[in-house]
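Go ahead and model the full structure; you've got the sequences and the hints to work with.
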Amino acid sequence: MRNTKFSMRCICVMTVTLTLILNGCAPFALSRRYLIASPYISQPPAQDEYASASAFVVSNAQTDNTTQSQKNVFDLSGDAQAQLIKSVAESVRATSGTAEIKTILGIFGTDITSTQEKTAQQDIDRSVISKTIVLTVEKSTKKQGPADRIAQIRLELTLDSPAKNIGWKSWNKFETEYGTVDLAKLTQNSVRSLTGGLSGGPKAHAGTPVTAELNANMSRALTEEVTLKQRYIQMSGKLTTSTVSIIQEGTVGMDMAGNNSINLQIQLPGETLEFFEFNAPESKNSTDSSSKEGDYSFYNVKCPVTKEDIAFTLSGEYLLRHVWFGSNSISEADDCICMIPGRFKNKRCVLLKQDELKTPYWQIVKSASDKNHPLSLASQGEEGTKQLRFVSYKAAVKFLDWLRNSKDAKVGKDGTLEMDNKIIESGEIFSLEIRRFESTSSQQDTEKKSRGKDI
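All residue numbers for the sequence shown refer to the numbering used here, where the first residue is 39 and numbers rise by one.
Because the hints were derived from the structure by calculation, they are not lab data.
Cβ coordinates follow ideal geometry from the N, Cα and C atoms, glycine included.
It cannot be assumed that every hint is accurate.
[Stated by the list, open to error] Here are the simulated lysine to any residue pairs, SDA-like style, with alpha carbons at most 25 Å apart:
(1) K340 - Q305
(2) K385 - I171
(3) K177 - A93
(4) K211 - N317
(5) K276 - T196
(6) K177 - K340
(7) K460 - R473
(8) K169 - A120
[What the hints assert, rightly or not] FRET-style restraints, in silico, Cβ to Cβ:
(9) D446 - G419: 14 to 22 Å
(10) S299 - S335: 33 to 41 Å
(11) E476 - D293: 31 to 39 Å
(12) T179 - T279: 32 to 40 Å
(13) T174 - G419: 55 to 63 Å
(14) S335 - K211: 29 to 37 Å
(15) S283 - K448: 55 to 63 Å
(16) K345 - W209: 43 to 51 Å
(17) E346 - G419: 41 to 49 Å
Structure below.
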């Protein structure tokens, strides 16, 4: 009887223990960001102690807005080319010689837009400059463990120039190495079970041993499944005339160390220069007087002007997620962490050098003259003359070749070429040459002789 009571007590204790185990030993939640978080450290770290930031400027390719790609028949669609070839084949006789075939092939390569009406060049503002800046955040490997990561960063780009007419204008693109990635599924199972029973002989009586067993089967399976599919980075920013501020915040498992790029526009002070555009006559045998004398137009280019390099200072802050226990697992749910705030060391970066801001142009002057009296154009109904500035050496050569062939000081319907306030004579045309100039910070024209190529 005593054995029976003792066995019943054992069964009760085992049942209670099993219940406590099954209900109390739940696994770590996979969706947790951490298990335990200690307070922020009282003593802030030194600058760049755990992480550093740097920046470099990428030189963007300059686009010449004054040039247009020519089109020929090979730029037509496939159906249009087939129809054209069919029409040409029907019109050309089988007895045509080699010369006729070469003429037809030459026509295929000619500019089909040359006979169309050319639109006037629009004004250009070069005082607004776009630059791509690559921002790099790097961790210090000496101070960090294998599971440490930068959870948040804030970067600021502050212009050094005190001028009121220099400032950030806009941004249009921000790129990171992170994107939308499917992290698949994280699954964790936990099963607890216990079996037991109480049995004896078929006819139990006093003195007969009783075996304590728990016949009941108690089991519990705990399963948690987390599907992660989200954008890694949450980014916000602020732009003022003097400062660009970027804040990035990562999610579980994402380290903010790496490279980011941002496209920024900066507004500079500028001076306006007037440029000359000339369209040569299409045919020398044309009976139209305006066609013989060509067509011209003027357009304005706002050129940047500055007396120094344009630079900015990179500064910012970071928040380091330091793992002091639990770094041996790939999940962050069992991490014991400490958040460490820090600051990046300020770094100065040159955005634009002064030499980059000079706008080159070409003018036609007398070869033997030391004075800068460029070729000018006087138009009927307008007071004074306008200097002929060309956007490229090629454009200046094209006009000078036409001028030497025409041997006439008249341009268009009402334009007359002058030099030093005198109408240029036909004998002076062959003594002209092309020289290169630049708009400088002091708004003075600096002369550089061209070496016979487009520089």
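Hint check:
1. Straight-line distance between C-alpha atoms of K340 and Q305 comes to about 12 Å, which keeps the hinted pair within the 25 Å bound.
2. Straight-line distance between C-alpha atoms of K385 and I171 comes to about 14 Å, which keeps the hinted pair within the 25 Å bound.
3. For the hint linking K177 to A93, the alpha-carbon distance of about 15 Å falls within 25 Å, and the restraint holds.
4. With a C-alpha separation of about 38 Å, the suggested pairing of K211 with N317 is violated against the 25 Å cut-off.
5. Among the hinted pairs, K276 with T196 is consistent with the structure: their alpha-carbon atoms are about 12 Å apart, no more than 25 Å.
6. Note on K177 and K340: the hinted pairing is violated, with a Cα-Cα distance of about 44 Å set against a maximum of 25 Å.
7. Of the supplied pair hints, the one linking K460 and R473 holds, its CA atoms being roughly 20 Å apart against a limit of 25 Å.
8. With a C-alpha separation of about 44 Å, the suggested pairing of K169 with A120 is violated against the 25 Å cut-off.
9. As the Cβ distance of D446 to G419 is approximately 20 Å, the hint placing it in 14 to 22 Å holds.
10. Checking the proposed 33 to 41 Å range against S299 and S335 shows it holds: the Cβ atoms sit about 39 Å from each other.
11. Restraint check, E476 to D293: a C-beta distance of roughly 47 Å breaks the suggested window 31 to 39 Å.
12. Remark: the range hint 32 to 40 Å for T179 to T279 is upheld by a beta-carbon distance near 38 Å.
13. Between T174 and G419 the C-beta distance comes to about 59 Å, which sits within the given range of 55 to 63 Å.
14. For S335 paired with K211, a C-beta distance near 34 Å keeps the hint of 29 to 37 Å intact.
15. Checked against the given bound of 55 to 63 Å, the beta carbons of S283 and K448, roughly 59 Å apart, stay inside it.
16. Look at K345 against W209: about 26 Å separates their beta carbons, and that is not inside 43 to 51 Å.
17. Against the hinted window of 41 to 49 Å, the Cβ-Cβ separation of E346 and G419 comes to about 43 Å, which satisfies the hint.
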